[in-house]
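Undergrad: Spelled out from the first residue to the last, the chains are:
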Amino acid sequence: MSTAGRSIVIPHLGRVEGHGGIFVKVVGGRVHEVNMDIFEGSRYYEALLKGKHFLDVQGVITRVCAICSAGHTVAALAALENALGIVSSPRVFKMRGLLTLGATIESHALHVFALALPDFLGFDSVIAMAEKYPREVAFALKLKQLGNRIQELIGGRAVHPVNTLVGGFGKLPRHRDLEEIRSALSAAQAPLAGFVDLAASIEVPDFAARPTVFVALRPHEDGYRFRGSTLCTSRGEEFPVAEYRDVVREFTVEHSHAKHAALASGETYMVGSLARLALWGDRLAGQARTAFQRLFPRGVEENVLTNTWAQLVELVHCLERGQQVCEELLGLPEEEREMQEYDVRAGRGVGAIEVPRGTLIHEYSFDDDGIIESANVITPTAQNLANTERDLRAAVERLLASDVGSESTLKLKLEMVARAYDPCISCSVHVTCL
Amino acid sequence: MAKSKPKVGIFGLTGCAGDQLQILNCEDQLIPLANEMDIVDWVMASSRNDHTCRLDIAFVEGVVATERDLETLKEVRARAKTLVALGTCAVWGGLPAMHNEIPRDVLQREVYDIGGTHFLDTVEALPATHFVPFELTLPGCPIERHEFLRVAHALLAGAMPEFHMLPVCWECKARENLCRVVHFKEVCAGAMTRGGCGARCPSHAVACAGCRGPLEEPNYDANITMFADRGISWLEIARKMSQFSAPVWIKQGLEKEVRHEHRR
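Heads up: the sequence lines are chains A and B, in that order.
Position 4 (the first sequence) corresponds to 4 in my numbering; numbering is contiguous.
Position 152 (the second sequence) corresponds to 152 in my numbering; numbering is contiguous.
Don't read these hints as lab results, they were simulated from the structure.
Mixed in with the good hints there might be a few duds.
Said to hold, decoys possible - Taking lysine to aspartate or glutamate and the EDC-like style, the derived pairs with C-alpha atoms no more than 20 Å apart in a straight line are: (1) K5/B / E397/A; (2) K142/A / E203/A; (3) K185/B / E162/B; (4) K171/A / D56/B; (5) K132/A / E179/A; (6) K81/B / E162/B; (7) K132/A / D229/B; (8) K7/B / D124/A; (9) K185/B / D369/A; (10) K171/A / E236/B; (11) K7/B / E131/A; (12) K5/B / D41/B; (13) K50/A / D50/B; (14) K25/A / E397/A; (15) K411/A / D56/B; (16) K50/A / D403/A; (17) K81/B / D105/B; (18) K94/A / D197/A; (19) K142/A / D56/B; (20) K50/A / D221/B; (21) K94/A / E327/A; (22) K171/A / E338/A; (23) K411/A / D50/B; (24) K185/B / E328/A; (25) K171/A / E33/A; (26) K132/A / E36/B; (27) K7/B / E101/B; (28) K50/A / D56/B; (29) K132/A / E162/B; (30) K25/A / D369/A; (31) K185/B / E124/B.
Unchecked claim - Per the computed footprint, the stretches of chain A lying under chain B, defined by three or more beta-carbons under 8 Å from a beta-carbon of chain B, are: (32) 44–53; (33) 56–65; (34) 129–140; (35) 156–165; (36) 306–314.
Where a beta carbon is used, it is the ideal one built from N, C-alpha and C, also for glycine.
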């Protein structure tokens, strides 16, 4: 290649949530610059929350992002309740867990089948894929619908829940509705196992593989869980989540409306399904364990393109775990409503949860009247952006060194890397005040 | 050859993508619907799109918060025969517009912690309907799926869908919920807000936040008097009325009356 500069520009990344692009500059055969451009407009939700009452936080902050609305809801309520000293009743804790599982089923089904799988099978979109794989696509949409049904039952709406309140829930699900959800979850298990077989037959390329630090929350109990209060890294470090500001450093970069993040050491890192499997995959049980062994026969490797398969393993887990939680809720007496009493007082609280795309952290402080003084949200996508750029750089270097084929093939491969992170750009541009 | 299918584009400006997600959430009805139209431009769902062709129907969600949003919107308007605004952000401004009285550079300082930011081309958030005419508006935060399907099927049949303009309050009464104002002394926007959600929030024992935007000519005065007469404080009333209703108030020049937070 000549010494002249060459740019690879993907102006608008398709099949991701929100507006972003990729810009790569190559000079003299060497990669000069790799940027994930995020041009989604800023909405300043955290600044807009100042002066509002803590009771209004959930209804506002859930609107950061539709796909992640349940995750933002559960994280915000956990942070606010920590500040108020409220300990969730077993039922409220389990119901929020079920809401999270529903959201994860919906989000993973959407990403694995509609956004990422078309890449692996050679289609432009899930609608194009439906012509050749009608049965598979129909099941995928059904699975997504099941995730939404769970969110509707627990949260009152599939997008932006309304039933979720500080201290509890406005309305509790009827037992017959929980029984219906439990059997729908059980019925989805066999067809999903078919997808695991399909995925196991597809070879995942390794052109973006690169040493990576994984970060995830330690599950709050023994088992594979999405909530916890300790941040762990794949290098064996542990931090209480309340001290996240000492661990996660956020910074602004010129080409992005979303902040980037790195560990205090300056290293970038990955959060998300692959990170969770790397850290806690050995806690999986039942069919999820089988799927994990099937799709990751050599364990989790540092290749982000396998994140889609990690999401598939988590889908299997969510179906099984969802049935257990339904069972536990069915063991409690049927009631109309559950709300805990509490006193309004000044406080500061941090809440964290593993959402489909990784660790989500919310923090709020409010005064004696409950008026918000500061709010901070750290989203998985913002944490992943810097790492995405490094993976893209590795991919470009490797692909240029080998005979990659046409420019459009190269672009598609770079898009696959960005999509593998399942970026949620609405979430990443919300944004935070540190 | 059969009659060609109408060309459809789906676009998101700045927002949470919730209305596009609600389209994807139509799940089992999505594929048959997609078969009746030719979706040529939908970045969220496809990696191959035609960004220049004429469109028979275009759906737009979100607020205009950047210069780029405005360009996109104007381009889509120029390309589309029928333009539909999806969601409360596109129709009224929604939550991103609830504090347009605060200068954006103040927010930028608070959020990005830097003065004189150059790379943020963010302007104050305004609804898409502020900039270009629309043939149809469908509010909701997010939109209701059944309403979207009605719109899509009507437009495919060459008709304009009609929606009843009844308040959430009417749907709430039909469900025999206990009134959040009368029984619980809460600020409930149900009497001022366009129905269609089946009174979702009050049916979960939560007051209506007004997320679907106002009815035509809601009687704000009577509602506020009703809240105050129940002993609800002015501060509480103002707080609740400063969210989804705020962009509406601002449009009607009533902003000063509902503001209560400290000036920044």
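Undergrad: Against each hint, give a clear statement of whether it holds in the structure.
TA: Here's how the hints hold up against the structure:
For the suggested pair K5/B and E397/A, the alpha carbons sit about 43 Å apart, so the restraint of at most 20 Å is broken. Proposed proximity of K142/A and E203/A is contradicted: the alpha carbons are some 26 Å apart, above 20 Å. Straight-line distance between C-alpha atoms of K185/B and E162/B comes to about 34 Å, which puts the hinted pair past the 20 Å bound. About 43 Å separates the Cα atoms of K171/A and D56/B, which puts this hinted pair outside 20 Å; it is violated.
With a C-alpha separation of about 35 Å, the suggested pairing of K132/A with E179/A is violated against the 20 Å cut-off. Only pairs whose Cα atoms come within 20 Å are accepted, and K81/B paired with E162/B is accepted, the gap being roughly 19 Å. For the hint linking K132/A to D229/B, the alpha-carbon distance of about 63 Å lies beyond 20 Å, and the restraint is violated. Of the supplied pair hints, the one linking K7/B and D124/A holds, its CA atoms being roughly 17 Å apart against a limit of 20 Å.
About 19 Å separates the Cα atoms of K185/B and D369/A, which keeps this hinted pair within 20 Å; it holds. Of the supplied pair hints, the one linking K171/A and E236/B is violated, its CA atoms being roughly 24 Å apart against a limit of 20 Å. At most 20 Å may separate the alpha-carbon atoms for a hinted pair to count; K7/B and E131/A meet this at roughly 19 Å. The straight-line distance between the Cα atoms of K5/B and D41/B is roughly 14 Å, inside the 20 Å bound, and the hint therefore holds.
Between the alpha carbons of K50/A and D50/B the distance comes to roughly 42 Å, so the proposed pair goes past 20 Å and is violated. Distance restraint check for K25/A and E397/A: the Cα-Cα separation of roughly 11 Å lies within the 20 Å cut-off, and the hinted pair is therefore satisfied. Straight-line distance between C-alpha atoms of K411/A and D56/B comes to about 30 Å, which puts the hinted pair past the 20 Å bound. For the hint linking K50/A to D403/A, the alpha-carbon distance of about 54 Å lies beyond 20 Å, and the restraint is violated.
The hinted pair formed by K81/B and D105/B fails the criterion: a straight-line CA distance of about 37 Å is larger than 20 Å. Only pairs whose Cα atoms come within 20 Å are accepted, and K94/A paired with D197/A is rejected, the gap being roughly 31 Å. A threshold of 20 Å between alpha carbons decides the hint, and for K142/A with D56/B the separation of about 30 Å lies outside it, so the pair is violated. Among the hinted pairs, K50/A with D221/B is inconsistent with the structure: their alpha-carbon atoms are about 27 Å apart, more than 20 Å.
Restraint check: the Cα-Cα separation between K94/A and E327/A comes to about 11 Å, which is no more than 20 Å; the hinted pair holds. Distance restraint check for K171/A and E338/A: the Cα-Cα separation of roughly 7 Å lies within the 20 Å cut-off, and the hinted pair is therefore satisfied. Taking the CA atoms of K411/A and D50/B, the gap is near 17 Å; set against the 20 Å cutoff, the hint holds. With a C-alpha separation of about 35 Å, the suggested pairing of K185/B with E328/A is violated against the 20 Å cut-off.
Our distance criterion of 20 Å between C-alpha atoms is broken by K171/A and E33/A, whose separation comes to about 52 Å. Note on K132/A and E36/B: the hinted pairing holds, with a Cα-Cα distance of about 18 Å set against a maximum of 20 Å. Our distance criterion of 20 Å between C-alpha atoms is broken by K7/B and E101/B, whose separation comes to about 39 Å. Distance restraint check for K50/A and D56/B: the Cα-Cα separation of roughly 43 Å exceeds the 20 Å cut-off, and the hinted pair is therefore not satisfied.
A threshold of 20 Å between alpha carbons decides the hint, and for K132/A with E162/B the separation of about 37 Å lies outside it, so the pair is violated. Restraint check for K25/A and D369/A: the C-alpha separation of about 53 Å exceeds 20 Å, so the hint is violated. With a C-alpha separation of about 34 Å, the suggested pair K185/B and E124/B falls outside the 20 Å cut-off, and the hint is violated. Given as covered by chain B, the region 44–53 of chain A passes the check, having 9 residues with a CB less than 8 Å from a CB of that chain where 3 are the minimum.
With 6 residues carrying a beta carbon less than 8 Å from a beta carbon of chain B, the region 56–65 of chain A meets the three-residue requirement, and the given coverage holds. Coverage of the region 129–140 of chain A by chain B holds [criterion: at least 3 residues with CB-CB distance below 8 Å; count 3]. Given as covered by chain B, the region 156–165 of chain A passes the check, having 8 residues with a CB less than 8 Å from a CB of that chain where 3 are the minimum. For a cut-off of 8 Å, the count of residues in the region 306–314 of chain A with a CB near a CB of chain B stands at 0, and the three-residue condition is violated.
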